[in-house]
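Chemist: Single-letter residue listing:
Number of protein chains: 4
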Amino acid sequence: MSAPEHEIEEEGSAGYERVVAFSDGVFAIAITLLVLGLDVPDLPESRAPDELAGALRDLGPQVASYFIGFAVIGAFWLGHHRFFEQLRRFDSTLLLLNLAFLAFISLMPFTTGVFGRYGEVEAAVILYAANVVAASGFDTAMLWIALRRELLPPAALAHPGLMLLSNVLPALVFLCSIPVAFVDPGIAPYVWIALFVVSPLLVRTISRRVEADG
Amino acid sequence: MSAPEHEIEEEGSAGYERVVAFSDGVFAIAITLLVLGLDVPDLPESRAPDELAGALRDLGPQVASYFIGFAVIGAFWLGHHRFFEQLRRFDSTLLLLNLAFLAFISLMPFTTGVFGRYGEVEAAVILYAANVVAASGFDTAMLWIALRRELLPPAALAHPGLMLLSNVLPALVFLCSIPVAFVDPGIAPYVWIALFVVSPLLVRTISRRVEADG
Amino acid sequence: MSAPEHEIEEEGSAGYERVVAFSDGVFAIAITLLVLGLDVPDLPESRAPDELAGALRDLGPQVASYFIGFAVIGAFWLGHHRFFEQLRRFDSTLLLLNLAFLAFISLMPFTTGVFGRYGEVEAAVILYAANVVAASGFDTAMLWIALRRELLPPAALAHPGLMLLSNVLPALVFLCSIPVAFVDPGIAPYVWIALFVVSPLLVRTISRRVEADG
Amino acid sequence: MSAPEHEIEEEGSAGYERVVAFSDGVFAIAITLLVLGLDVPDLPESRAPDELAGALRDLGPQVASYFIGFAVIGAFWLGHHRFFEQLRRFDSTLLLLNLAFLAFISLMPFTTGVFGRYGEVEAAVILYAANVVAASGFDTAMLWIALRRELLPPAALAHPGLMLLSNVLPALVFLCSIPVAFVDPGIAPYVWIALFVVSPLLVRTISRRVEADG
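Protein chains in written order, with our numbering: chain A, 1 to 214; chain B, 1 to 214; chain C, 1 to 214; chain D, 1 to 214.
Isolated chain A, as found in the complex (with noise of 0.2 Å):
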């Protein structure tokens, strides 16, 4: 906490390691508490030989979302990792928006059991959606703080706008997806994909700008 990198500027701020700690715990519970969502099938146990290979096969579309929302947990917690590493300083606004971001992350293994059991339905669909969009929100609330507070190094700073950009782009890609669930709940996955791919190479692609410059 009196390390250079870690250094703390507002009163009534706390510990850096330890928020840190408390947010991956969060985000490591959270992640796996998604496997909740996927309930052991209740057979009784004459029929269970000839129908649990059945009940297994009817949980498809319950995996699928665990391993959605395993990714996407997985990939807010990549983007926080990165966002800390490069955060030098700390106060209680970025304290509270973290809260509030964590209570969105710890809201998924919940919508993420909803759009599991429900994906074809477009509130489903949009109540996850919608709480990627929130999670986001915070997110990038985070950065715009640590970004006009200037909490980041130098190099960070050079790149405002590009941050932002590749920060907002997953809520942007959910946003898009609500409208659509509306015309068909069944294509908004798709879109949602699409990100996975877009985004690591634009993530790569600021961060090799920002080296260069650094």
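Hints are not guaranteed to be accurate.
Stated by the list, open to error - Each pair of labels, with its calculated beta carbon distance range: (1) A:L157 with D:P153: 31 to 39 Å; (2) C:L96 with A:R208: 41 to 49 Å; (3) B:L175 with A:R82: 41 to 49 Å; (4) D:W144 with A:G186: 35 to 43 Å; (5) A:W144 with C:E120: 56 to 64 Å; (6) D:R148 with A:G186: 19 to 27 Å; (7) B:R57 with A:L162: 33 to 41 Å; (8) A:E17 with D:D50: 52 to 60 Å.
Claimed, not checked - Computed footprint of chain A on chain D; a stretch qualifies when at least three of its residues, placed anywhere within it, have a C-beta under 8 Å from a C-beta of chain A: (9) 33-44; (10) 110-121.
Hints listed in this document are in silico derivations from the structure and should not be mistaken for laboratory results.
Where a beta carbon is used, it is the ideal one built from N, C-alpha and C, also for glycine.
Put chains B, C and D on the given structure of chain A with help from the hints.
Modeler: Below, chains B, C and D alone, put in the same frame as chain A:
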């Protein structure tokens, strides 16, 4: 553990770092388990397209209690965080009080769940308020011991009354909400929200005073 | 891992810090999962105002078992904590015994739940007591290996008998409560409570003796 | 992160310590959630004294699968532990493979639960074996990348074949148990137990060879 800030006085006491890590683990898990209070609606497949949106809207109070519960555990975590940042020494009394405190934090996914499901019923409001009062009580007991045994830095010890007051405030607010719940359970949560407005102001004022003298 | 206190003797053994962090994680999660033994009462909305208070009172035994379970896991954590604080070296036998020990800690949310629900039935009392005995057994086996292989500091090695006795005590008390449960399951928990009174005194006595010689 | 053992080569990669802490969190939570596969029996109060002992005995297969699942996740954790202890550098490919690996570890409370409930049905055995094979596959892929990109110390790089073999062994054993399950699902678990006997011997042999050369 041998660093001057983390002195351990009495024999039989446990390592500072590991106590903090264990406490953070319990906080992170309890706050994340709040999501288990939100059950995925159970609708037959044929009726889901028409009824899911309504079923999710009916979960409104549970979602509200999820965010209240998240804010309450988050606020306790911040307070615990600030307290342990200042703490100079640690003894086995604090260790036991900390475990008792964590037992009531860890109980909150249950009491928050009862409140979310039956928020209009006085017993649910009282149960949740009593849980917060119990957690606050052990929290304040830890501060009281730390002040009496001079386990805090001199600046903090200069204003024991102010520190105890800001610490006991949540307990007082939730305690006052119990008789309010007997009159009208629906009003009690608004008493709690008042706390979230007043509390940060008070904490900031005290921090400034302590800093000014420190 | 290269610090002198954390020497690792045998090849194939794992890093000290990470074993402690993993153990603490399992302790923190197991202790927090105890709350899942408390189910939110399921009442129709119309009857909740009249019946909720009674339904919560009926949960009394579950709440009591929650606190007993919390105290038991907390006590094991404190013991584990003290043991690893003293431990000088670590080998793969200890690593495996530690995993087996954690398997029985991690089982406690289930056995505590059975005890909370059926506390008056001897099978429930015996199941819970047997779980505590098994955990204690592996705990004592770790101490025995550490004493035999001289993995503890000289002061601790001076009183092997006293240390083993204080460690094996919980197992003995819970073991004695099993025949008691056959006579009257309701008495067994009072045998356990005796443990919580005697045990800290014994631990303190031993610590003082070891300190005096150390 | 700037220590020589924890060099990070490629840009965009995340801090070594935090990756390890996050992985340990997921391991600790997944291993502890296995207990949720054990449901407290639901008996009417009047019949509990007579039927609880029998109902608990009927849980035998679930308890057995709990311990198998604990041993399997524990073994993966030990392997992960050893691998990251040796790892010199870290890149974003390893980061993504590690997340994919953790997704299959985190799935195990579900597949272990299905196996515990329907251990005599081939679909349950195959599902669990397939989960272990998938986790092992990503584990081996991490080792393969680390060997190819020379992210391990010279001694480890001297025996790539032996290291890959010991790593791929669990996958092979569980893979072989799948056709066995088609013949008789009851035999497959005994194939797995063979693994637990052979595997430590092989790991020890390799460690000694690597040490001897190192």
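Chemist: Determine which of the earlier numbered hints do not hold for this structure and return their numbers in increasing order.
Modeler: Number 6 only.
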